[in-house]
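Protein chains in written order, with my numbering: chain A, 68 to 183; chain B, 68 to 183; chain C, 68 to 183; chain D, 68 to 183.
Just so you know, the hints here were simulated from the structure itself, not pulled from any lab data.
Everything numeric in this text was worked out from a predicted model, so none of it was measured.
A couple of the hints might just be wrong.
[What the hints assert, rightly or not] In silico DSSO-like cross-links for lysine-lysine, where the CA-CA straight-line distance does not exceed 27 Å: (1) 113(D) <-> 147(D); (2) 108(C) <-> 178(C); (3) 108(A) <-> 139(B); (4) 177(A) <-> 182(B); (5) 116(A) <-> 177(B); (6) 113(C) <-> 116(D); (7) 177(B) <-> 112(A); (8) 151(D) <-> 108(D); (9) 147(B) <-> 151(C); (10) 116(A) <-> 139(A); (11) 151(A) <-> 177(C); (12) 182(D) <-> 108(C); (13) 139(B) <-> 178(D); (14) 151(A) <-> 116(C); (15) 151(A) <-> 178(C); (16) 182(B) <-> 178(A); (17) 116(C) <-> 147(D); (18) 112(B) <-> 139(D); (19) 151(C) <-> 151(A).
Now for the letters of each chain:
Protein chains: 4
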Amino acid sequence: MKSIYPTEYALTPEMRIIVELSIVPLGEGTSVSNILAYAIKELEKKGVKYELTPMCTVFETDSVEEALNIVKAAHEAVFKQGVKRTVTTVKLDDRRDAERSMRSKVDSLKKAVEKL
Amino acid sequence: MKSIYPTEYALTPEMRIIVELSIVPLGEGTSVSNILAYAIKELEKKGVKYELTPMCTVFETDSVEEALNIVKAAHEAVFKQGVKRTVTTVKLDDRRDAERSMRSKVDSLKKAVEKL
Amino acid sequence: MKSIYPTEYALTPEMRIIVELSIVPLGEGTSVSNILAYAIKELEKKGVKYELTPMCTVFETDSVEEALNIVKAAHEAVFKQGVKRTVTTVKLDDRRDAERSMRSKVDSLKKAVEKL
Amino acid sequence: MKSIYPTEYALTPEMRIIVELSIVPLGEGTSVSNILAYAIKELEKKGVKYELTPMCTVFETDSVEEALNIVKAAHEAVFKQGVKRTVTTVKLDDRRDAERSMRSKVDSLKKAVEKL
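One chain only, chain A, in its complex shape (with noise of 0.2 Å):
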């Protein structure tokens, strides 16, 4: 499988929401790395556990509260940079029978393929 997952962060401690964060500046050319730069950062500063993916970034949490108010500065970023609009994109998994994180998701979906 050519796939990956990020050995980085093996020491987690189980948490509960997983969050997918992506923002899409309009008008600001179709280059947008430098402006989304901000976001992250924005995720470090804060001490977030991330990961970038080629199409979103990942991050976990342990309540919904923390998940928008960290989606909220990296939003936020984004317009102190100059940018007129975007398009911001969030999504939840919010699961509250089992213990989990942004590994163990991962890694359990690898062996189910793995098994096939």
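Starting from the structure of chain A, add chains B, C and D where the hints point.
Here is chains B, C and D on its own, set in the frame of chain A:
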């Protein structure tokens, strides 16, 4: 930076369409890895270069048509397991003014974050 | 129900943030309207101007913070019904260079289509 | 325009796949209705029953293949206007244990809300 990126696809030719796929089966309990594994297996059968993330699967193709054919195969693979309903989300990042890949997209954002 | 069709929000003051909300409960069968109704009820309790569509609920607010508070309330209302897991998707269309509303956005697109 | 408000699709035969489509063009300024109109026009040319909402366009089809062909046509219509990059999001609600339509889905949720 704690984030990750895929050293595994260093030699990938630069391709155009980067696709995010997420399939959520309804009515199959709260643990769905065993079902989703069939969708991923479909990507493997087709030789698609993909990355599993905690929230979605990301892959790259060189045309919209190919992207959608892969999505269709993965989506149908889930229904073949007896699933009665899914919410399947597909996001296409289609850029026609620059060559890039899943890897170069992540690298570009990482570099921009490091400069801040 | 205070919601839905465009003529009903003719007098809306022009507000900034337009929000799309979709909550998918896992493990609750394939028919989930009875559960999602509690999320919508939360919007009504808060006096939020919203529109039901076949795929999502759309509402408008005058700040990101208010938008996220409403999302949180709707999301929690679903868990209060005993749901164990949801995938909750939120999309914020935040535009700061022009006043507009849910209604003006649709009108603007309709007019552009008619011109073709 | 053949689209939009629920009373207009009262006679629709009950179909299976309900599709949400959103196309965000990058690098084209913050006002993009004039571009997106070409995507909607494509739906009209194909005789697709659709609904414009403030955040997305929703349509219904009777197969996944047809749904994806329509998405492809709408997506390409935007590139034909000279756009260089889009983030195009497609959500398929595919339910195989019950007949329903865009209209019946909204009606069902409205009724559930009224009962609370």
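Do the hints match the structure? See the list:
no. : hint              : verdict
1   : 113(D) <-> 147(D) : holds (17 Å)
2   : 108(C) <-> 178(C) : violated (33 Å)
3   : 108(A) <-> 139(B) : violated (36 Å)
4   : 177(A) <-> 182(B) : violated (34 Å)
5   : 116(A) <-> 177(B) : holds (15 Å)
6   : 113(C) <-> 116(D) : violated (33 Å)
7   : 177(B) <-> 112(A) : holds (15 Å)
8   : 151(D) <-> 108(D) : holds (20 Å)
9   : 147(B) <-> 151(C) : holds (25 Å)
10  : 116(A) <-> 139(A) : holds (16 Å)
11  : 151(A) <-> 177(C) : holds (23 Å)
12  : 182(D) <-> 108(C) : holds (10 Å)
13  : 139(B) <-> 178(D) : violated (33 Å)
14  : 151(A) <-> 116(C) : holds (24 Å)
15  : 151(A) <-> 178(C) : holds (23 Å)
16  : 182(B) <-> 178(A) : violated (37 Å)
17  : 116(C) <-> 147(D) : violated (36 Å)
18  : 112(B) <-> 139(D) : holds (24 Å)
19  : 151(C) <-> 151(A) : violated (38 Å)
Comparing the model with each numbered hint stated earlier shows that hints 2, 3, 4, 6, 13, 16, 17 and 19 do not hold.
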